[in-house]
Amino acid sequence: MNPLRLVRARPARAFTVTVDGRTVEALPGRTVAAALWAAGITSWRTTRGSGRPRGVFCGIGVCFDCLVTVNDSPNQRACLVPARPGDVIRTQEGTGHED
Amino acid sequence: MRTELVVVGAGPAGLAAALAADARGVRVTVVDAADGPGGQFYRQPAAELNARRPQALHHQWRTWERLRDGLAASGVRLLTGHHVWTVTGGPDSFTVHALLGPGQDEPATVHADAVLLATGSHEHVLPFPGWTLPGVVTAGGAQAMLKSGLVVPGRVAVVAGTGPLLLPVATGLAAAGTRVSALVESAGPRQVARHARALAGKLPEGAGHAARLLRHRVRPLARHTVVRAHGDDRLTGVTVAALDADGHVRRGTGRYLPCDTLAVGHGLLPQTDLAEGLGCHLDGATVTVDAEQRTSAPGVWAAGEATGVGGAALALAEGHIAGRSAAARLRGTEPDPAGWAPAARTREALRTAAAALDAAFAPPAHWAAQVTDDTVVCRCEEVTAGAVREAADGLGAGDVRTVKLLTRAGMGWCQGRMCATAVAGLTGCHSDPPRRPLARPVPLGILAGTAPDRAAPDRPAPDRPAPDRTAPDRAAPDRAAPDRAVSGRPVSESDRSPSEQASTGGLSSDRPPHGRLARDQNPPEAFEEGSP
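Quick note, the sequences are listed as chains A and B, same order. In terms of the working numbering, the first sequence has 14 at position 14, counting the first letter as 1, and numbering is strictly consecutive. Throughout, the working numbering is defined as the position within the second sequence, counted from one, plus 99.
Hints in this document: simulated from the structure, not taken from any laboratory. Watch out, some of these pointers could steer you wrong.
What the hints assert, rightly or not - To be clear about the criterion: a stretch of chain B counts as covered by chain A if any three or more of its residues have a C-beta under 8 Å from a C-beta of chain A, and this derived list gives those stretches:
no.	region
1	270-277
2	398-409
3	477-491
4	498-505
Note that the Cβ used here is the ideal one computed from N, Cα and C, for glycine as well.
Between the sequences and the hints, there should be enough to build the whole structure, so can you do that?
Encoded structure:
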């Protein structure tokens, strides 16, 4: 069983995004975080202080742990931002402004 | 845009309130951050995923259908993608300030004669070693991602913490194909039994969850807690241990459970920022309301989890009462409580049950003893438990605010929503009401731009300038704006990681309302039809 089958989803056709240069398929309607989880990716940020990896924590836009750089805009909450065809998603290092 | 009643939040409380007021002829606008109605409880899969059986991930689906259909048939205007950051004004003229869409960089305002806050709650998670590892998510977060994104974070999960939310999270993940190896609940049967009388109404629901746990072979570990999450760059397993009757971890009971996902939660915390901004009285963490669900601020009602965490059925009853009260008072008449007597009885019973649940599922009394000094407590600012303890024990901080000033704990993006209770618990400090004049980060350009809005022509009364009045200790927007507004950076106490997000556009605050056809057909109200 998987979640899509559980609710008998018939998603629209997948599109592609890139994640740190790697091409990944994403289903329309999913947030960046959901697309990354579906691709088996669970972290996409390193912290400003000790450079530790982070990903989704609260999942509803409250904790700001899932910040990510999308199309050169850093600090997007991956759990809120919808994935769009051709998105260039990059692991955000620290504040996201040094790179 | 002007409306009579603006409802903030499109979850069960907000929708019940909106429908009740709409049915009584009030012009109602509901604003919500999500892409559609439902709130967290009835969070729906994204439309493009075309789920033909979304109810497989939900409980009380029929109630949702009534709410959804009632909304479609009503005159209620729903504004989605509106992230409300403050509400100003009163007592008979208010302005809701929102940011549009996931980019949250486009301002929108709604003017109203009265406000109804149905802002819900977010999850409470207490820290433990390893809780910042990728793969550790809040229980509600795992559920939210599942409900809307139809996605799970891994293959093998442990669900842990305390509270009634853990059961549907465990069964939901299991139904979606995740192997849930254990449900680790710190409360024991004895604590629950102590409140058996008040919880009797909740028994069928609990029994249903228990049967599903059994079916999915989820091992229940009552009176246990996660003492550590393991892994280098992501979660590989957790150590769980038994608790004694006093809530201490029993020595020698630790055991390792391999997993790539830990869904953890210790209850829910009411979202009260907007209420505080409006000057509503709070009792501890919850907004104080009277029998009509009126807050202490004239013209402001509140319903649902913001007034006390108690679940969707309680939220529906409170919302219904609040909507009827607001409708009557907006017409200058005294509401007749006899009209909502069934809802009031439900509210009474469910509040009693909620208090019992709260007592039965309190976090383990000595959770702080498991938090090692090197454990990060403030996830945003990476402040360790050691630093927090030093602020209290070494530097004499006596309240959470002073600990924040000394350590930056609670000063980051989430503004202490994730760590304030932990800081209070670790230090024994008094936890003041948080006081967040801005309920979410706001671009300075928008803050600066709110000034003209205050003089909008359709505003009959002068407004209370919230940012200036309530945030005297912060940079005055007008002074800060010229050099920062250009970059569109949001205001946050941690301005080291600002958001610079492109506009996603496409969202308008002037969408046409849902069909007004059925206005006079006495639209179904979920509470009246669906509750005992």
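Consistency of the hints with the structure:
{"no.": "1", "hint": "270-277", "in the structure": "holds (count 3)"}
{"no.": "2", "hint": "398-409", "in the structure": "violated (count 0)"}
{"no.": "3", "hint": "477-491", "in the structure": "holds (count 4)"}
{"no.": "4", "hint": "498-505", "in the structure": "violated (count 0)"}
Of the numbered hints listed earlier, those contradicted by the structure are 2, 4.
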